[in-house]
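**Student:** What follows is the residue order along each chain.
4 protein chains.
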Amino acid sequence: MSDELNIALLGTKFMGRAHSNAWLSVAKFFDLDLHPTMHTVVGRNEQELAAFARRWGWREHTSDWRQAVTDDRVHLVDIGTPNNVHAEQAIAALEAGKHVACEKPLANTLAAAEAMVEAASTSEGKTFVWFNYRRVPAVAMAHKLVRQGALGTIYHARAAYLQSWGGPDTPLLWRFDGDVAGSGAHGDLNAHIVDAIRFVTGEEITAIEGAVEETFITERQVLDGGSGGEIAGAGSSTSGRMGTSTVDDAVAFLARLSGGGIASFEASRVATGYHNANRFEIHGEKGALRFDFERMNELDYYNPGDGPTAGWRTIDVTRGAEHPFVEAWWPDSHGLGYEHSFVNQAADIIAMIAGASPVVPMPDFADALRTQRVLDAAIEAARRRAPIPIDPV
Amino acid sequence: MSDELNIALLGTKFMGRAHSNAWLSVAKFFDLDLHPTMHTVVGRNEQELAAFARRWGWREHTSDWRQAVTDDRVHLVDIGTPNNVHAEQAIAALEAGKHVACEKPLANTLAAAEAMVEAASTSEGKTFVWFNYRRVPAVAMAHKLVRQGALGTIYHARAAYLQSWGGPDTPLLWRFDGDVAGSGAHGDLNAHIVDAIRFVTGEEITAIEGAVEETFITERQVLDGGSGGEIAGAGSSTSGRMGTSTVDDAVAFLARLSGGGIASFEASRVATGYHNANRFEIHGEKGALRFDFERMNELDYYNPGDGPTAGWRTIDVTRGAEHPFVEAWWPDSHGLGYEHSFVNQAADIIAMIAGASPVVPMPDFADALRTQRVLDAAIEAARRRAPIPIDPV
Amino acid sequence: MSDELNIALLGTKFMGRAHSNAWLSVAKFFDLDLHPTMHTVVGRNEQELAAFARRWGWREHTSDWRQAVTDDRVHLVDIGTPNNVHAEQAIAALEAGKHVACEKPLANTLAAAEAMVEAASTSEGKTFVWFNYRRVPAVAMAHKLVRQGALGTIYHARAAYLQSWGGPDTPLLWRFDGDVAGSGAHGDLNAHIVDAIRFVTGEEITAIEGAVEETFITERQVLDGGSGGEIAGAGSSTSGRMGTSTVDDAVAFLARLSGGGIASFEASRVATGYHNANRFEIHGEKGALRFDFERMNELDYYNPGDGPTAGWRTIDVTRGAEHPFVEAWWPDSHGLGYEHSFVNQAADIIAMIAGASPVVPMPDFADALRTQRVLDAAIEAARRRAPIPIDPV
Amino acid sequence: MSDELNIALLGTKFMGRAHSNAWLSVAKFFDLDLHPTMHTVVGRNEQELAAFARRWGWREHTSDWRQAVTDDRVHLVDIGTPNNVHAEQAIAALEAGKHVACEKPLANTLAAAEAMVEAASTSEGKTFVWFNYRRVPAVAMAHKLVRQGALGTIYHARAAYLQSWGGPDTPLLWRFDGDVAGSGAHGDLNAHIVDAIRFVTGEEITAIEGAVEETFITERQVLDGGSGGEIAGAGSSTSGRMGTSTVDDAVAFLARLSGGGIASFEASRVATGYHNANRFEIHGEKGALRFDFERMNELDYYNPGDGPTAGWRTIDVTRGAEHPFVEAWWPDSHGLGYEHSFVNQAADIIAMIAGASPVVPMPDFADALRTQRVLDAAIEAARRRAPIPIDPV
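Protein chains in written order, with this note's numbering: chain A, 1 to 393; chain B, 1 to 393; chain C, 1 to 393; chain D, 1 to 393.
It is possible that part of the hints are untrue.
As the list makes no split between identical chains, a pair holds if one copy fits it or if it spans any two.
Below 16 angstroms or equal to it, Euclidean Cα-Cα: the simulated EDC-like pairs (lysine to aspartate or glutamate) are [to be verified]:
{"hint": "1", "residue 1": "Lys286", "residue 2": "Asp367"}
{"hint": "2", "residue 1": "Lys13", "residue 2": "Glu327"}
{"hint": "3", "residue 1": "Lys126", "residue 2": "Asp367"}
{"hint": "4", "residue 1": "Lys144", "residue 2": "Glu124"}
{"hint": "5", "residue 1": "Lys144", "residue 2": "Glu203"}
{"hint": "6", "residue 1": "Lys286", "residue 2": "Asp169"}
Everything labelled a hint here was simulated from the structure, so no lab data went into it.
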């Protein structure tokens with residue numbers, strides 16, 4: 001392989017844009033051993049696709065994903081398509097010997113995810129999963145602090161990913177269709193926080209101790225033109241008919257950590273007041289950490305060893321000499337945004353393909369399967385439920 | 001009854017001080033229909049008791065609680081003793097026709113609590129339970145806002161009471177002795193937040209869906225002189241021997257609300273970084289509320305109807321003309337402290353004995369029994385556990 | 001002198017209540033060498049006075065202040081009257097050999113304040129000024145940290161005391177009458193923050209470098225019954241006539257500190273959004289401190305020496321073993337309120353009369369005169385103004 | 001002119017990168033009427049320049065700025081060079097009929113700035129100044145709210161731009177050389193907040209009422225190779241010699257607003273604890289606004305009309321349908337970073353060149369001159385100083 005890294009991107013929606021931006025920007029900010037080339041973009045709608053390719057600077061475009069992932073000129077296949085096609089596309093790419101970077105969650109079923117891991121195990125290609133929040137500097141810093149022993153034995157991990165766009169006025173978008181989306185808040189949001197707790201603590205989740213799954217709003221307005229719209233659905237017109245949501249609006253569960261601690265996870269699309277509150281608190285014998293993506297440039301750290309001046313330290317994780325990934329960007333304390341996490345991950349993907357180490361551990365397919373197993377077991381727990389009723393009198 | 005209200009207080013420790021202060025201060029700040037008289041204080045250690053009575057201005061003192069609660073001159077018996085004697089003392093007082101104000105939790109067993117409710121149902125005395133946090137102005141305000149419809153249908157209630165004084169260096173205080181304390185964080189802390197969610201939402205908890213109970217630190221240093229010490233144990237000397245903690249350090253559980261929402265509760269004594277984080281978040285279709293006792297003079301409120309300027313409103317609940325209980329105290333925005341919640345409750349207890357309405361609903365024994373049933377069911381759920389293990393590979 | 005300390009209080013309004021509460025509570029929470037006795041209270045309205053005395057437990061009451069301050073049985077005269085009578089009352093008390101605790105500001109004119117210092121210098125009585133915020137635990141802690149060297153050379157002090165009750169709808173209360181009040185926001189609020197910066201930094205203010213004084217609302221509605229009302233004026237009825245405010249609504253000024261740093265001060269009654277934001281930020285070579293009375297139980301501290309985990313530490317200054325004054329109150333992290341600062345000061349006043357040292361330095365008349373000189377110089381600077389106009393084109 | 005907009009960029013340091021990124025990204029995220037082409041980049045060091053051009057995708061590069069700004073193919077000259085060459089370069093570009101976008105502050109002297117405005121008045125080119133913070137969505141939103149009447153009469157504006165990289169360990173960078181930098185914190189930081197207050201309030205600053213200028217650290221270590229380094233100076237080696245800083249470390253001043261309000265401004269490089277705290281608070285009769293760039297995705301708003309639920313609303317200004325500039329980026333609540341403000345400004349510059357209106361008002365040279373006059377008058381006030389000393393006794 002020359003020092004060129006030719007990329008084929010599958011998908012042109014929200015993640016298609018986020019990944020295109022990452023491949024466009026990464027070589028501007030990071031010094032790389034391989035030069036990423038935006039080679040081919042794959043989409044279904046030819047006309048939109050051409051415009052997308054032109055706007056973002058993809059050299060070629062095609063609606064034939066299979067051709068793209070087997071193209072000899074392509075080195076890395078980047079999958080940003082719906083969850084239910086990840087497996088087929090990733091396996092084909094791996095069989096063609098490509099490196100594969102896949103959006104989370106790994107697949108829409110556990111079986112599909114296992115097949116992907118199997119395919120990865122026999123391919124020369126390396127695999128990567130876009131759990132992008134690992135590379136928000138504050139989260140990467142949390143990982144490093146735990147590894148350095150800042151927390152000691154971990155007692156509690158408390159994670160929630162709270163959004164509120166899914167109220168009764170939101171129409172029946174594709175995200176409410178279980179056949180397409182796989183699940184609701186659970187697969188979309190709990191996936192991120194399960195990965196985050198595994199990444200930051202360095203521990204595994206060993207058991208689910210209880211779970212609740214709930215669809216608060218079962219009937220929603222059907223969109224004109226079907227369930228195609230993106231999250232916001234702003235300006236979408238509805239048909240006047242009602243349809244049934246077949247996914248969860250919220251899932252919460254309790255779990256055990258391999259180090260002896262207990263953990264809770266909660267995902268919701270109806271947590272009024274929160275828009276993107278991807279957050280966690282971790283308490284250990286020697287310290288505690290706290291993060292909320294709504295203030296993504298901050299990490300809170302508590303060190304009881306500070307004695308009379310102990311207090312939650314609000315660290316602005318924006319100082320290049322001290323905090324991961326930051327040096328590539330701007331002078332100190334010029335905050336980063338959402339998409340920087342993708343650019344940071346792109347830099348680490350390129351580094352790993354070139355044989356170097358990532359700044360912080362990168363999830364491959366096998367790693368992402370572990371997260372998927374947790375999500376699966378949580379749903380099983382929710383459905384097996386044996387509630388203890390409380391006497392109302 | 002004249003306009004004098006003679007009070008007998010049982011207990012001279014932490015709660016004995018908090019209640020003494022309440023009875024001392026209430027008539028200074030509130031205009032009352034009955035005048036509270038600090039009549040008799042009851043304790044076990046005669047010498048300490050005399051000093052306590054002198055310091056706080058109790059007219060009489062005795063180590064014979066039974067005599068005090070049946071004394072003809074006494075109108076109100078205030079119970080601030082350990083949980084395992086609440087029932088006997090309260091029932092005796094009720095049988096003597098006294099009004100009874102009892103510390104939370106109502107009793108150390110469900111059976112004892114039921115007996116107390118039974119006694120209350122046949123007594124002329126009124127009953128009150130010191131769930132004092134209801135009368136923190138911010139919490140009372142939250143209750144009022146929900147009652148006014150500010151939240152609409154409630155989807156989520158998320159409550160936690162997080163402390164951190166129970167680490168491995170803390171010796172084997174009486175609070176770690178299950179025979180004395182009944183339970184650990186669960187009875188001490190979850191009791192408060194279960195009451196808070198019931199109070200603020202106006203809903204009941206109908207079922208427990210899963211629970212975890214954990215004792216992280218099982219062996220602790222035995223104190224010289226046994227397990228007598230107060231929370232901090234500062235300056236206590238230890239014996240060099242180790243003993244076994246027989247209570248939980250943390251209990252978390254998931255539950256259903258009567259209005260269709262889901263709820264989570266968590267209590268911990270090892271949540272490093274938090275000292276008294278008695279907090280909740282409640283999300284409804286039309287709004288959300290957030291409270292943390294560590295910032296007790298603030299209530300956060302989110303109104304999606306605010307449109308482009310919607311944001312969490314940090315209300316400083318300190319304006320006399322607008323916020324419950326505040327007018328009695330100081331000019332606007334001169335913040336209150338912990339003990340004011342007891343004084344506020346004392347004012348409402350006196351008002352109710354005089355036949356008036358309290359500012360916000362007051363828990364009686366029957367109401368507190370409902371909270372106790374929830375705590376009991378949660379522990380049952382934790383012990384019935386059927387975890388779903390997760391394949392480690 | 002026996003171990004009894006007989007107190008005569010002058011004034012029954014806001015400060016009369018705050019001081020009564022302090023003398024009532026101090027012996028309940030603190031172990032004292034002298035026992036404070038609420039001996040005599042002085043007020044102008046006989047009927048209100050009797051009710052006040054009964055409510056708070058003052059043994060005697062009189063409308064003749066001169067008799068009270070010369071009464072042989074009285075040891076300490078506590079002055080909570082309007083600023084324009086402080087001097088006469090304090091001097092009379094000092095001449096009678098009493099200890100005197102006087103509300104801030106020391107006097108309504110610099111000449112009066114100087115006369116008070118002169119009287120103090122020749123009296124056997126000790127003097128104290130109620131700059132109560134020094135004894136908010138967070139502020140006392142800030143003082144201690146600076147003294148321990150936590151800040152090093154101080155570059156900046158930035159203080160503001162921001163309220164918002166003085167908008168155009170507020171009627172012409174006595175606080176807007178310059179003859180009675182002396183000044184507006186300046187004397188009332190800047191007095192506190194000038195004292196705070198002097199206390200916390202341990203430095204003096206050596207020069208005023210510029211100042212602005214402004215009365216935004218010059219005409220206000222006259223109250224029925226004249227300008228008698230308290231701050232809130234809630235429920236007051238107005239006469240329909242307009243009258244002229246003769247005090248400032250806001251005063252800001254820039255100053256030099258004796259250690260080479262620069263400082264800014266700002267007081268306002270029309271800072272919409274703030275109710276009692278008595279706050280400061282102090283930046284030194286080695287650290288920084290930040291306080292806001294609206295979160296009075298917190299002190300923020302920044303230590304650059306924390307390296308990659310440096311961040312503002314939000315210290316909840318509520319841990320008895322670690323933070324000043326807290327041990328007297330409740331277990332850790334049971335927050336204090338406004339009036340506790342007065343009780344804390346009462347404890348230190350009693351300690352000093354008994355010959356002991358206060359927990360942190362106590363301002364006497366001479367010390368308060370230094371604060372008053374700063375306020376006076378600031379107004380002089382504002383009135384000498386020589387603005388540099390800016391070409392509008 | 002075709003729909004191509006050819007850009008020549010002058011400068012390749014911090015601002016060269018920020019502007020390059022803006023021109024690279026703007027057409028990816030915004031739908032534009034003209035297509036920006038990264039035509040020519042100008043720098044002094046040929047070798048670095050070639051690498052810079054290659055990295056960022058500039059078609060051509062040259063060290064001859066005069067040739068670039070007069071090149072017939074160039075439509076827009078973008079100036080990101082040191083302040084002392086802005087005037088010469090901008091005037092040459094305007095004389096050649098180019099549009100000119102110039103970094104702030106407009107020039108290093110008032111005379112130079114006036115000459116630039118003069119040149120602009122006779123050129124066909126449009127002018128723009130990179131006061132990029134106007135296009136942080138929260139700041140743009142603040143402007144819109146004021147224009148909609150959310151504040152009413154403005155009483156107070158309180159602005160500060162606080163950094164802390166300039167302590168005694170920081171060597172003698174070019175930013176401490178008055179001949180190169182013009183001034184220190186004042187020109188660098190106060191320029192931004194004077195523009196911000198003018199922009200958000202819509203008012204002019206009419207007079208300076210007092211000012212302080214201070215150089216706390218006068219002697220600094222000389223860098224090996226002279227004063228060339230960038231802000232951080234990380235890893236720079238020093239020569240062992242000391243040199244003299246000839247710029248201010250901090251400047252504070254008080255001012256009057258055209259609407260009758262008063263304002264304060266403060267810039268510092270030694271405000272330990274703050275890294276990029278570009279912040280303001282504005283209080284009006286009907287409401288208040290608060291912003292801090294360290295939490296750039298939030299705007300705080302207080303509406304007294306909210307009555308009992310009035311509180312500071314923390315608005316996350318990240319909702320595309322509701323907040324300026326956001327829709328171009330990601331779904332709701334995926335926060336933006338520092339450089340997005342430049343991209344937003346690039347979009348508005350292109351819109352204006354194409355004849356459309358900007359989202360919020362854009363500063364041209366004449367507008368930036370008004371900011372410069374304020375800065376100049378503030379320094380004049382600081383140097384004219386007539387301090388009022390305070391008697392130390």
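**Student:** Compare the structure with each hint and give your call.
**Tutor:** So, going through the hints one by one against the coordinates:
1. Lys286 <-> Asp367: neither (28 angstroms within a copy, 40 angstroms between copies)
2. Lys13 <-> Glu327: between (30 angstroms within a copy, 15 angstroms between copies)
3. Lys126 <-> Asp367: within (13 angstroms within a copy, 55 angstroms between copies)
4. Lys144 <-> Glu124: This pair counts as neither: shortest intra-copy Cα distance 30 angstroms, inter-copy 56 angstroms.
5. Lys144 <-> Glu203: within (14 angstroms within a copy, 41 angstroms between copies)
6. Lys286 <-> Asp169: Classified as between; 12 angstroms across copies, 46 angstroms inside a copy.
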